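Just so you know, the protein sequences line up as chains H and W, in that order. Its first residue numbered 157, the first sequence is counted upward by one per residue in this note's numbering. Its first residue numbered 627, the second sequence is counted upward by one per residue in this note's numbering.
No false leads were mixed into what you were given.
A short list of chain W residues far from chain H (calculated; beta carbon distances all over 10 angstroms):
1) Glu-647
2) Lys-648
3) Lys-649
4) Asp-650
5) Asn-670
6) Ser-677
Short, incomplete list of chain W residues facing chain H, as computed with Cβ under 7 angstroms:
7) Lys-629
8) Ser-631
9) Pro-633
10) Ile-641
Please keep in mind that the hints were generated in silico from the structure rather than gathered at the bench. Fair warning: this is a prediction, and the values are worked out from it, not measured in the lab. Cβ coordinates follow ideal geometry from the N, Cα and C atoms, glycine included.
One-letter residues, chain by chain:
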Amino acid sequence: MTNTILNTHINDWFIESEYGIKNNMMHYNVTCKCGTKKIKCKQAIKKNKACFDCVRSQQKLNVKHNACSKKSDPLLHKTYMTRFYMIRRCKGLTPKEKKNYLDRNITVCQRWLDSFENFLEDMGVKPENCSIDRIDNNKGYFKENCRWVTDKVQCNNTRKNIFHTYLNETLTESQWAEKFDITLSKTKHWISKKGIEFFVTNIEKIKQISNGTTNEVFQELDLEQKGAWKKIHGAFSSTDPSLLKTYKSWEFIKNHKAGVLGWTKFEDFLHDMGKKPLDCFLARLDITKAFSKDNCIWKPTTRIPTMTKPKKRILFTFEEKIIENLEQFAKEDNKTVNDFCKEIVKNWVLDKLYEKNFSSS
Amino acid sequence: MKKISVPLDSLTIEILEMIAEKKDCTSSDVVKAIIDAWLRDRANEIAEKISKK
Chain H
157 MTNTILNTHI
167 NDWFIESEYG
177 IKNNMMHYNV
187 TCKCGTKKIK
197 CKQAIKKNKA
207 CFDCVRSQQK
217 LNVKHNACSK
227 KSDPLLHKTY
237 MTRFYMIRRC
247 KGLTPKEKKN
257 YLDRNITVCQ
267 RWLDSFENFL
277 EDMGVKPENC
287 SIDRIDNNKG
297 YFKENCRWVT
307 DKVQCNNTRK
317 NIFHTYLNET
327 LTESQWAEKF
337 DITLSKTKHW
347 ISKKGIEFFV
357 TNIEKIKQIS
367 NGTTNEVFQE
377 LDLEQKGAWK
387 KIHGAFSSTD
397 PSLLKTYKSW
407 EFIKNHKAGV
417 LGWTKFEDFL
427 HDMGKKPLDC
437 FLARLDITKA
447 FSKDNCIWKP
457 TTRIPTMTKP
467 KKRILFTFEE
477 KIIENLEQFA
487 KEDNKTVNDF
497 CKEIVKNWVL
507 DKLYEKNFSS
517 S
Chain W
627 MKKISVPLDS
637 LTIEILEMIA
647 EKKDCTSSDV
657 VKAIIDAWLR
667 DRANEIAEKI
677 SKK
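Could you build all of it, start to finish, from the sequences and the hints given here?
Laid out in structure tokens, this is it:
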């Protein structure tokens, strides 16, 4: 038997001559294809196809081998896993996958199913922070319909998105929001309330309202609804309290049993009656008739108007020299300049009062 | 020029405002005049203090 394998090739090994018995096994002098010489037993020759260096170099050339191992090439491995999960999704193993892929007839093309190399050739290595995206959601996975995209693009290309078109431009709500530099919630609010055309044409005014800076814009946009007045950042109430009071008056008479004539909108009421003056209420001239322009006035309340809050401090300026002198006097009394001045003024006022009393008596 | 803010009660302020109305000026002008007059009365004292320095 020993003679039969001499001068023959097994795998990449060439068996040159016998070496001798080692560990109760016959060993041979063998040479690899690359020229490396080794001493191996028959079993080892059959098991190891080539020398270590040759095997290693072959492995490096093997794309699939590198793709399978995470350590050798992480990005290639990610690409491999993308294909793996893509195929698995399309098999529809879970109810969710079945509903979203198998039932919609979304499949992977045969070329990509055949080998990973084909997929790699068509799509290239997966870029960092990207995932595979189908350009047309209703079509399957094939070269023309797939691309590597970021999560943001991926999210904008889902069936869940609501698209709005204005002047041949179709974008999602988040894309509109990004385009006009406004928050998504505000974009959703205005588009749902007034539509895309209103949103795009009045974007500057909407931004002003969002900032809570202007109140006139509300009137310009003809927003009579209470929600619109109040909801957005309280711009209405914070900037013009008297207008809010006027609104409340209108709200009160709207539900009054006497009825309202001609004031279906708040704007009409505001136009006819003007803003509610301080310490006034809406009164009817003839109580038997309904609320209307001719029958209503702003009537002053009988209670005493609220006193203006007393000032607590009086401000004035002095030259620095005079203040220095005052500081000296204040220091002697262990007081601040302000308190010292307060005492001077108070004493002066008291003196005046005494003088008046004496003179009158 | 330096600012001074004098804390006063509402009654004093009312009196000061009455005086200001009569004199056709603001209440802060009245307060300023009062303090000026007070300092003028103590001009000698101030002069002494400066000479001591």
